[in-house]
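One line per chain: the protein sequences are A and B, in this order. The numbering of the first sequence is my numbering, which starts it at 61 and goes up by one. The numbering of the second sequence is my numbering, which starts it at 61 and goes up by one.
Hints listed in this document are in silico derivations from the structure and should not be mistaken for laboratory results. It cannot be assumed that every hint is accurate.
No copy labels: a pair is met if it fits in one copy or bridges any two.
[What the hints assert, rightly or not] Think about it this way: if two alpha-carbon atoms lie no more than 25 Å apart in a straight line, the pair counts; the simulated SDA-like pairs of lysine to any residue are:
(1) 460 to 128
(2) 343 to 188
(3) 460 to 446
(4) 248 to 335
Predicted, not measured: the structure shown is a model, and the values here were computed from it.
Each chain, letter by letter, is given below.
2 protein chains.
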Amino acid sequence: MDLRIIQELAEESDRKILLLVLDGAGGLAVEPGGPTELEAARTPNLDELAAASSCGLMDPVAPGIIPGSGPGHLGLFGYDPFRYLIGRGALSCAGVNFLMEPEDIGLRANFATVDESGAITDRRAGRIETSRCAELCEKLEAAVALEGLQVLVKPEKDYRAAVVLRGKELSAAVTDTDPQRAGVPPLKATPGDDSPEAARTAEAINELTRQALEVLADEGPANAIVLRGAARKPDLPPMQEVFKVNPVAIATYPMYKGLARLVGMEVVEGLEQTEEVFDALNKVIDDYTFFFCHIKEIDSRGEDGDFEAKVRLIEEVDALVARIPREAFGAIAVTADHSTPSTLRTHSWHPVPVLLWSPTCRADGVESFDERACAGGGLGRFRGVDLMPQLLAHAQRLKKYGA
Amino acid sequence: MDLRIIQELAEESDRKILLLVLDGAGGLAVEPGGPTELEAARTPNLDELAAASSCGLMDPVAPGIIPGSGPGHLGLFGYDPFRYLIGRGALSCAGVNFLMEPEDIGLRANFATVDESGAITDRRAGRIETSRCAELCEKLEAAVALEGLQVLVKPEKDYRAAVVLRGKELSAAVTDTDPQRAGVPPLKATPGDDSPEAARTAEAINELTRQALEVLADEGPANAIVLRGAARKPDLPPMQEVFKVNPVAIATYPMYKGLARLVGMEVVEGLEQTEEVFDALNKVIDDYTFFFCHIKEIDSRGEDGDFEAKVRLIEEVDALVARIPREAFGAIAVTADHSTPSTLRTHSWHPVPVLLWSPTCRADGVESFDERACAGGGLGRFRGVDLMPQLLAHAQRLKKYGA
């Protein structure tokens, strides 16, 4: 469905919406016939909410598609993840909460180690620490000089950084310098089309790579940078405009705050613990109409491959769910941006359970928030991009379509 | 979802995929509340597989749409049947295993009977036998002469044939000569647009129709031909390219082998009995990574309107399902290309049951492979075109989408 249709139907209202994302909560059984992580976890609060809700299974992007964090969240925010793409470089900038300007070109950078011949010996520079990465970013940003361009270098985590080229007449149509393997020198960036902008940008990236070698020459394992995923800021119409909500993100991890900013959300800063997400929700409840609460740690336990730890985390989050002031909301969805089965240790394509609570929902007899129970729920199976219209509808923020 | 997205995500792998199509297996109860054919059949092997699988209901094309064999299979093969069309003439060519060249125009032909006034008295020429049809096709192909064009005439079944015009500067934009009713003469083909190619093709078809009257003048009931569905070979990107699989079709009926060839599958030839399909699967298991096994007879019993015979056939196929070497596969789907309820004696729009087995699937508690049980399964309801991405994902042949 075209966003212009929703935009025409959406109305301002003081009925509030909560989107609670349990990152990577969907899972798999360890043994055939056994429980998934959500099925194994004791979750009285989520179960009680499910019993009062319509439930279902959701493909965050589409059936079979393994969602990256960007597409998975765009879908949940109501943006078709096949239509709206966030390039790697733009995601890196979002991840460090760097607000790109429309003409900026963002790139994902790795600090790397090169030997005397110029060949890469370690694409991760011995996995330097984030604090060391920050020092090197600062040094690089100060020392590099490209004619007519500003170069901004922001640390991500460990050896990762975001690089922004700021200036006129740049293009994202350039190839990577990161060869994605050791044993060869960084590649030369080449223009991806015939435009003078692409040629100019490729040249700038190559000159930046050259200067970085000089600046970092004595910096031990981190004596080079490789760049990839040149991208502009994605052109996402803000949620305020499309969905007529006043949205806020309540999250602990930079990437999710960055993604939220890309669709126009304000962000509650300074949160570190999962518990603080629920406290902050109560604190800012009067100030917004759309609340995106993001819980990261469940996904991390799945990526660790630790079934038991993921179960425990789910149970801890369940205890915090009791703090949601349900009566303040017109509609609440609890779901995930993708599955992260601990048996697979990574994002997977399996659909995720979803519950949609509202005074206007049809309770469907599902009494447990897990994959098997929700498969029998009244929402059936649907795509992530279809969640937002249902939330808006249940919060009675959508007009009738057509006469 | 655009195939280009899947093409970017799909990866080569040695994990194998089996798509077992029980043609027309979906059905209806004879009496309200009674069992469908699949529910009436005793199917211990399919049920055991279902119990270890994720199950659901699938609309091969879209809800409410009665799938022809072409669109039904294209959907199963992962091609949007609304986007990729196989014209009637091209389907006829596929059905007789005639490999069209890109500039060919394919047409579906009926041998017909005309009276002295030229009016059609029987659009099916007294339903002549296939062997007689083959003789007449050969005679026609040898006798007809069109300037600058080659005319190929291939027998289908009974009174049906495929005609191909081969030459330069032809067009598929021409109207049918088949009036689809008796009592009138064959129609004149007319150009469907203003191009010289359409005019030339219409002229060629009319001249062919005229010459056929001469050639067939003494051939009893089959003394004329009517033509319809002018079409080029559909432009389907091969499965190897899009899905990165090495596919083979194991089928007994020409049309399904032809459809498989249109998407780039190799074909196991010489099979006649259903049993041989399962034997061939075991024989070629090491040579491919995607196996399309097609079982035709269940559909035929449905078209006969014989509920009991369809039940018996399903039970016979179930016994053969035990021969599937499950451990050789990364993912297995068992489903149908459409329903053929014996009460309706024809293809129907009812969604078909589907099971998806994989070491990475979520068993969902469904313990029987039939319409009612699968309706409660973890796959929910989805479209045929969404099956292939799920098979690829479960066989771990898809990369993550987006960062």
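Cross-check of the supplied hints:
1. In this assembly of identical chains, the alpha carbons of residue 460 and residue 128 lie at most 25 Å apart only when taken from different copies (6 Å versus 34 Å within one copy).
2. Taking identical chains as interchangeable, the C-alpha atoms of residue 343 and residue 188 are never at most 25 Å apart, the minima being 38 Å within one chain and 53 Å between chains.
3. Taking identical chains as interchangeable, the C-alpha atoms of residue 460 and residue 446 lie at most 25 Å apart whether they share a chain (17 Å) or sit on different chains (21 Å).
4. Within a single copy, residue 248 and residue 335 get their C-alpha atoms no closer than 47 Å, and across copies no closer than 58 Å, so neither meets the 25 Å cut-off.
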